[in-house]
Amino acid sequence: MPPLSILIWLPALCGLLGALLPTGSRAGHADSQTATASQQDATGAPPSGRKWSLPGVLALGGTVAALGLAIAYIVQYGPGSHGLKDVTDVVWIAELGIHYKLAISGLNVLLVGLTALLFFAAVLAANLRLTPQPSPSGRAPSDRPRLFYFHFMLAESAVLGAFLAQDLALFVAFFDLMLIPFYFLIGMWGTTTSPAHPEGPDRVKATIKLVVYTLVGSLLMLAAAIATGVLAAEQNGGHITFVLSQLQGLPLSKGSQEWIFLFFAAAFLVKMPAFPLHGWMPDAYRAMPIEVLMVFSGVLSKVGAYGFLAIVLPLFPQAAAHFQVLMLLIALVSILYGSAVAFTRTDARLIAGYSSVAQLGFITLGIFALNPQGAQGALLQMVNHGLVVAPIFFIIALLAQRTGGSQDIREMGGIAFRAPLLATIFLVVALATLAMPGSANFVGEFLILLGVFKAKLAIAIVAFTGVAMASVYALRLFIRAMHNRVGAGVKSRDITPADTIVLVPLLAVIVFLALYPQGALKRSESSAEASVAAAHAALRPATASVASSIPGIRFEEEAQAHTTATQAGTSGEVGAQQSSAGASR
Amino acid sequence: LNRLLATAHLKGPHVDFAALSPLIALLGGAIVVLLVGLLSSRWVREQLVPALAFGGLAAALGLTIWRWSTPESVLSGALRIDRLSLTVNLILAAAGIAAVLLAWRSRAAKEAAHGELYAMLLTAIGGMALLAAAQNTVAVFLGLELLSIPLYVLCATEMRNEHSLESGLKYLIIGSVGSATLLYGLALVYGATGSTDFASISNAISSGGLQSNAMLLTGIALCVAGLAFKASVAPFHQWTPDVYEGAPTPITAFMAAATKVAALGVLLRLFDVAFIDAQASWGPALATLATITILVGNVGALAQSSLKRMLAYSSVAQAGYMLAGVVVSTRLGAQAMVFYLAVYVAMNMAAFAVIVARERETDLGDNVRALAGLGRQRPWLAWPMTISMLALAGIPATAGFVGKFYLIDAAVSGGYTWLGVMIVIGSMISLGYYLPVIATMWMSSAPEDSQARSASIPPASGPLAPTVPAIAGGSPELDEELTFGSLHQPEIAFVAVIAATTTIFFGIVPQPLFNLVHGVGSALGLL
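Chains U and X, in that order, give the protein sequences. Counting in our numbering, the first sequence runs from 61 upward without gaps. Counting in our numbering, the second sequence runs from -16 upward without gaps.
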C-alpha cells in the first residue's frame, strides 16, 4: 500500500494546485474596480451555467483518488484485523518528542472511508453547482472557485490527518488546523442576513462564534496534551514523547488524569456538539454553504467522538471511569434536549442540526458505557450518522430550491407525488435516521443501548425514550416536507439526475451497511475492545485482570448473534424495540 | 616619577576585534550612513543611504555567522559572545533589514533627513546587540541607553505629525523613568553583592546567603520594573499603545520586534545567570507579572480599531508568554523563549509590512477598515496578514503554534503548569481580535470611498494629511508628495511575503530553528 501521507496530503495538493493555476478568466486580482465587484463580477466561471472549472475538476480528482485509497485501506484492513497497519513513523520535532506517526487502526479505518466519501460527494455537489444558495446574499462556490476548493481540500487533508495521527501532538495540530479552512469557507461563502431573510444568521459572526467555541476547547486540549507528555516523561526518565502507544505505557497519576480528562472532554464535546456546549451550532449550521455543511455535520463532529475512543479512554482510563456517570448524563441530556428542540423547530436545517445533537448523544453514551459493545456501537453509529446526516442536509437544500429559498418546513409540503424519486431517497434516509430495524443505525443504537444497559441500567432506560423520539422528529420532518398540503410557493419537480449522482454513493453505502453491518463491526472489533479495555478494568479495580479479558470473549458471540437477529427481525429484543418505535409513530 | 611610570603602564583591556566585529559593523555603519547622508544629492540620500544601512546590517549578519563557533569573553569579561548573543544578533539583523526596507520610501525617512534615521536605526541595533552580550551591569545600562535614546528620536521622526511627536515625547519620559529605575536597581544590587559582574553577583548570592537579603531583593524588584518598561510588561506597559500608534509605522515595526528581543534577551541573562540563585524569591513574582501581562495585553487588544494599537496590546500579551521562559529558569525555558522571539519577529514583521503598505495606499491609516476587501484586491498582502494573524493566535502549521507549544512545554516541565494554562487562556482571548482582522480582509468588501480616494488623488483631509503646517522643519514641496494609492513598492510586499513564508516554513519544518536555539540554554549554563 502507498504510505498514508499520500492519502492525507493528496487532497491539499490538488487544492493548492488548483489555487496556483493561472486561469484565463481570473478576475478580482488586484483590480481597482468598484467595490461591488464581489457581487456581480463573479470570479472565474460565470455564475450560471454548468461550466466545469479547472480547480473544481482538480479537487474532484483529488477526492476520487483519496476515496480510492481509502477503499483500498478498508479492504486491506480486513475483518478480524487488529492493531496498527501501514505505520508511517518519522521524527518531526526531536526536541519535543513529537513524531509524525500515522497508522490505520480499527478505530479510524471506517471513519477515513466516511471522510473520503463525504468529501467526494460534497465536491461533486459543488462541481455540479446544483444547489444555488437559498439566500441571494450567499455566494456559490463558482464565486472565486480557486480559493473555495483550496480551503475545501485543505479541510479534507486536515480531517484525514486528525483521524490517522498516532501522536498526541500531531493529533492536536490537525484538530486545530481543520478548523481554519472552515472559518474561511463559512465566512466567505456562507449565507447571511439579507432583506429577504432578516432573521438569518450573520455569516461572519456565525463563523467567528464557531471558531472561538471550538478553538477554546482545542487550546485547553493543547495544554492538557503537553501536560500529558511532560508528566509521562517524568516516569520515562525525562524522555519526552507524544506517541500514543508509548504514552499508553506511561500511565499518569489519577489526580493528573482527572483534570487532563476534563480539558480533553471540553474540546471533544464542543466539537460534537454536546448539550451545554452547542451554542455555536444553530447559527453556524444555518450559515454554512450546503457542500460545507455536508462534510461538517457528517465528519467533523465525529472527530470529537473519535478522540474519546482513540485518545481519552486509552490514555486516561481511571479518569474515564471516574467521570463515567457525568459523561453519561451529559450524553443523556444531549439526547433529550436535542430531540425535544428538534420537535419544536420549523427551520429544517435546525431540525437536522438538533437531531445531530441527539445522535451524538447516543454515540457518547456508547463510548462511556466503557465496554466493548458500547464502543463498537458508537463507532458504527458514527459512520451511520455521517452517512445519513449529509444526505438529509443535501435534500433540505433541494427542497429549499423548490420552495423558493425557504428552509422552513411550514412552507414545504406536498412534493412526494410529483417527485417520487426524491421522496423515496428521503424516506430511506429518514428511516435510517430513526434507526429502523433493518438499518445499520438500528444495529448501532442497539449495541450502544446494550452496552449502557450493562453499565448503568437507569440511564439505559431513559435513553430508550430517545429512540422513540428520533422517530418523531425524523418522521415529522419527512411528512411536513413531503406530504401534507402543497406549500404556498412550492414548485414540485423531481430530483435532477445530477443531484441524484451526488446522493447515490451515500445511499449505496447506507444500504450496504444495512445488509452487511458485520463488514464494519468485524473491522473495528479488536481495536474497540483495546480502546475501552483499560477504562473497563478501571471500573472494577478488584477484578481488573479478569474483567478486561472476559467481556471480549463473550462479546464476539453476542455481536454475531444479534446482527443475524437484526436481519431476521425475529429476536425478542428486536421486536420490543420495533414496537416501541412503532407505538410512537 | 614612579606615579608617572605607573600611569604609563596603565593599559586598556585586550580588545578582540574579531569577536566584536558584528558590533563594529553596526556602529561603524551608523557613522558612515550619517556622514554620507550629509551629501546633498537626492539619489545619494534616498537610494544610497538606505543601501548602505542595508549593507551594514548584512555585514553584521555575515560576521555573526562567521563568529558562530566557541563562546568567548571579550573586553575583560564585560561582554560575552556566545550562542545567546549571536542568535539574538541574527534575529536583530533580520529585523533591522526588514525595517530598512519598510522605511526606505517612507515619509519618516524624508522628513528626518534620510541619513539620520538610518544612522539611529543602526545605533539602536548596536545597543541591542551590546545588551544581549552584556556580562556586567554597566554594560547592561550602556546597551540599554544606546538602544533607547535613538528610539526616542526615531519615534518622533515624522516631524510634521503631531502624533509622532507626542509619541516620541511620551516614550522619552516614560523610557527615562524606566532607565532610572533600572539604574537604581542595579546600584542596589551592587550594594548588596559588591560586584557588577554577573558571575560574581551569582557567586555572592549563593555563597553569601543573600537569597533573602532585603537590599538585593529590592534591587531585583527595581531591575524587573526597569526592564518591564522596555519589554512592555504589564503593569509597566501603558506607554506601548500610544507610542506604537503615534510612531511612524516602519519604526513601530522595528520597535515591536527588536526592542522586545533585546529586552527579553537581557532579562534572560540577568535573571537566569546573575540572579539565578534567588530564583525562589523572584520566580513567583515574575510568574504573577507574566500572568497579569497576558491578561492585560489580550483584553486590551479586544476592542481596538487601530491595527497598531491592537498589535501593541498583542505585543504586550506576547511578552507575557515569553516571560514564562524566563520564569522557569531552565535550559528548556531559555530555548523556548529565544525560539519564540525569532518566530515573533517574523510574525510581527509580516503584519506591520501590510499595515505600512495600506497606510500608503489608502487614507484610512492603520484603521482595520483599511484592510477591507484586501483578499480580493491584493492577495499578496492579504495572505501574509492572514498567516501572521493565525500564527500570532497559535494555529498549527505556523511557527506560532510550535513556539507556543515549546513555551507551554517549558512552563509545565519547570513546574509552572498553571502558567502554561494561562498562556492557553490568553490565546483563547486573543482569537477575539485576531480573527476579526482576517474576517475584514476576506469576508467584507472594500469601502467605496477609500477606493475612490486611493486612485492617486491628493486627499483633501484625513488622519494622515498634514493639517498642521510644519510643526518643525519640513518644506512645502513635501506636501505635494503626500499622495495615496497606486504606489508601486514591491519591497513592502516582499518583506511581508518573506516574513509570512518564514512563519509557515518554521511551522512545518521547525528543526532548523530548534538547532539554532539549541546552544542558548547551555550558553547560559542552565540545567
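Hints should not be assumed to be uniformly reliable.
Chain X side only, calculated, beta carbon under 10 angstroms to chain U, not exhaustive [said to hold, decoys possible]: (1) ILE132; (2) GLY377; (3) PHE388; (4) PRO493.
Listed next, with one range per pair, are the computed distances between beta-carbon atoms [claimed, not checked]: (5) VAL282(X) <-> PHE403(U): 37 to 45 angstroms; (6) SER183(X) <-> GLU318(U): 46 to 54 angstroms; (7) GLY309(U) <-> GLN494(X): 20 to 28 angstroms; (8) PRO82(U) <-> PRO473(X): 50 to 58 angstroms; (9) GLY309(U) <-> ALA197(X): 49 to 57 angstroms.
None of these hints come from the bench; they were simulated from the model. Quick caveat: nothing in here was measured; it's all calculated off a predicted structure. Every residue gets a Cβ at the ideal spot worked out from N, C-alpha and C, and that includes glycine.
Against the structure, the hints:
About 39 angstroms separates the beta-carbon of ILE132(X) from the nearest beta-carbon of chain U, more than 10 angstroms, and the hint is not met. Restraint check, GLY377(X) versus chain U: the minimum CB separation of about 8 angstroms is within 10 angstroms; hint holds. Taking 10 angstroms as the C-beta contact cut-off toward chain U, the hint placing PHE388(X) at the interface holds, the least distance being around 7 angstroms. Annotation: PRO493(X) was flagged as interfacial toward chain U, and the flag holds, the nearest CB pair being 6 angstroms apart, inside 10 angstroms.
Taken as a hint, the range 37 to 45 angstroms holds for the pair VAL282(X) and PHE403(U), whose Cβ atoms sit roughly 41 angstroms apart. Between SER183(X) and GLU318(U) the Cβ separation comes to about 48 angstroms, which falls inside the hinted range of 46 to 54 angstroms. Checking the proposed 20 to 28 angstroms range against GLY309(U) and GLN494(X) shows it holds: the Cβ atoms sit about 26 angstroms from each other. Range check, PRO82(U) to PRO473(X): about 20 angstroms between beta-carbon atoms, so the 50 to 58 angstroms window is missed.
Roughly 50 angstroms separates the CB atoms of GLY309(U) and ALA197(X), a value that falls within the hinted 49 to 57 angstroms.
When each numbered hint is compared with the structure, violations occur for hints 1 and 8.
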